[in-house]
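Please construct the entire structure, taking both the sequences and the accompanying hints into account.
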Amino acid sequence: MLKRVAAAACMMFFSLVFAVFSCFYVENVGTQLEQLLEASLTEDEFVGEISYESIRQALSLWDERKAFFGILLTHSASREISDAFSELEFLINSRQSDSVRESVTKCIVLLKSAVGREKFTFGNIF
Amino acid sequence: MLTVFFRTIILIMFIVVSLRIMGKRQIGQLQPSEFVVTILLSEIAATPILEDDIPLLYSLVAICVLVGIEILMSAACLKSLKLRSTLQGNAVVLINNGKLELEQLKTLRYTIDDLMEALRQKDVFNIDDVQFAVAETNGSLSVLLKPEKRTLTVEDAEKNGCDDAMACVVVADGQIIRSDFGYCGMTEEKLAKIIKKLKVRTEDIFLLTVDLSGKTCLVKKERKKC
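Residue numbers (my numbering), protein chains in the order written: chain A, 1 to 126; chain B, 1 to 226.
Among these hints, one or two may not hold up.
To be verified - Straight-line alpha carbon distances no greater than 27 Å define the calculated DSSO-like cross-link-like pairs of lysine-lysine that follow: (1) Lys82/B <-> Lys196/B; (2) Lys122/B <-> Lys106/B; (3) Lys106/A <-> Lys119/A; (4) Lys220/B <-> Lys3/A; (5) Lys3/A <-> Lys79/B; (6) Lys82/B <-> Lys106/B; (7) Lys146/B <-> Lys99/B; (8) Lys146/B <-> Lys106/B; (9) Lys3/A <-> Lys221/B; (10) Lys82/B <-> Lys220/B; (11) Lys199/B <-> Lys79/B; (12) Lys82/B <-> Lys3/A.
Said to hold, decoys possible - Sample of chain B residues with no beta-carbon within 12 Å of chain A, all distances over it, derived: (13) Leu11; (14) Val154; (15) Asp211.
Don't read these hints as lab results, they were simulated from the structure. Positions of the beta carbon are idealized from the N, C-alpha and C atoms, including for glycine.
Here it is as structure tokens:
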């Protein structure tokens, strides 16, 4: 019986550790991406141009983390974010600045929503 | 489609291992909490197979938590009689010494038709043949026939018609179970005498049963003796 109890305790412990890690990972990466994207909109606000450097940093960060991000979020949510980033990358490469601003905003909204869903709040629990 | 194929294989393996850890019994023998966990397990396992939007990890984490909680609850129930009684309920005597306990039937929301059906499933077609009928915590009905209706064994023949009736648990896990005293004519004084006669302390008793004729069966915590 003691072995089973130990196995059960281990299973619950690892599940909890994974859940906490998932919560913090999504929040951390999501916030970094949001900050980079928001910076791209605000940095050159007075010039009226978008900071492409911040967006490229966000795109490269997303490329690094998207595989793991996809495991932690529902597949539809991670696919939506992935599609939005792909669209953003295409627009940057084709230098369509008006559409880029729109696309960046869309990415920020999707990321905020994903991070919000993963947060440990009463609203999410109930 | 390939995803579904591999997800199914992973989940089957995971659930088989989980059930092995749980060491479960057949569906008909499950306690209420075990029954709930079994139903939830099947639902949680089926969801990621049918819905590809849900990551497999969600399901695996949920199965781990369910199995973990079930094992920890079982372990806690082994230690605490009160918790066991709260989570699993108690067996209820529906026919006591040939007399139908109507109040208990009402408490369990058991109709007389339900009782007759359960008796028929036990090959008992006449309620008058029953000496004791007990509704167990897993929902099954245990039946003890009146001595004249039981199958004759060599032991019965030698006893010359002596009736042992139903043995009641009076001490379990070192704790006195007073709820069954009435069914075996037990009192605190009688029990104290029996324990004294058996030369054992109450805390050292794992199980002590007594029937109406006063026959006892003792299982000590360390070694078994009957």
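Taking the hints in turn, this is what the structure says about them:
1. Lys82/B <-> Lys196/B: Since the Cα atoms of Lys82/B and Lys196/B sit roughly 26 Å apart, the hinted pair holds (cutoff 27 Å).
2. Lys122/B <-> Lys106/B: holds, 22 Å
3. Lys106/A <-> Lys119/A: Since the Cα atoms of Lys106/A and Lys119/A sit roughly 20 Å apart, the hinted pair holds (cutoff 27 Å).
4. Lys220/B <-> Lys3/A: holds, 23 Å
5. Lys3/A <-> Lys79/B: holds, 16 Å
6. Lys82/B <-> Lys106/B: holds, 24 Å
7. Lys146/B <-> Lys99/B: holds, 12 Å
8. Lys146/B <-> Lys106/B: holds, 24 Å
9. Lys3/A <-> Lys221/B: Cα-Cα ~20 Å, so holds.
10. Lys82/B <-> Lys220/B: holds, 21 Å
11. Lys199/B <-> Lys79/B: holds, 24 Å
12. Lys82/B <-> Lys3/A: holds, 24 Å
13. Leu11: About 16 Å separates Leu11/B from the closest Cβ of chain A, which puts it past 12 Å; holds.
14. Val154: About 38 Å separates Val154/B from the closest Cβ of chain A, which puts it past 12 Å; holds.
15. Asp211: Given that every Cβ of chain A is farther than 12 Å from that of Asp211/B, nearest at about 30 Å, it holds.
Hint compliance for this structure: no hint is broken.
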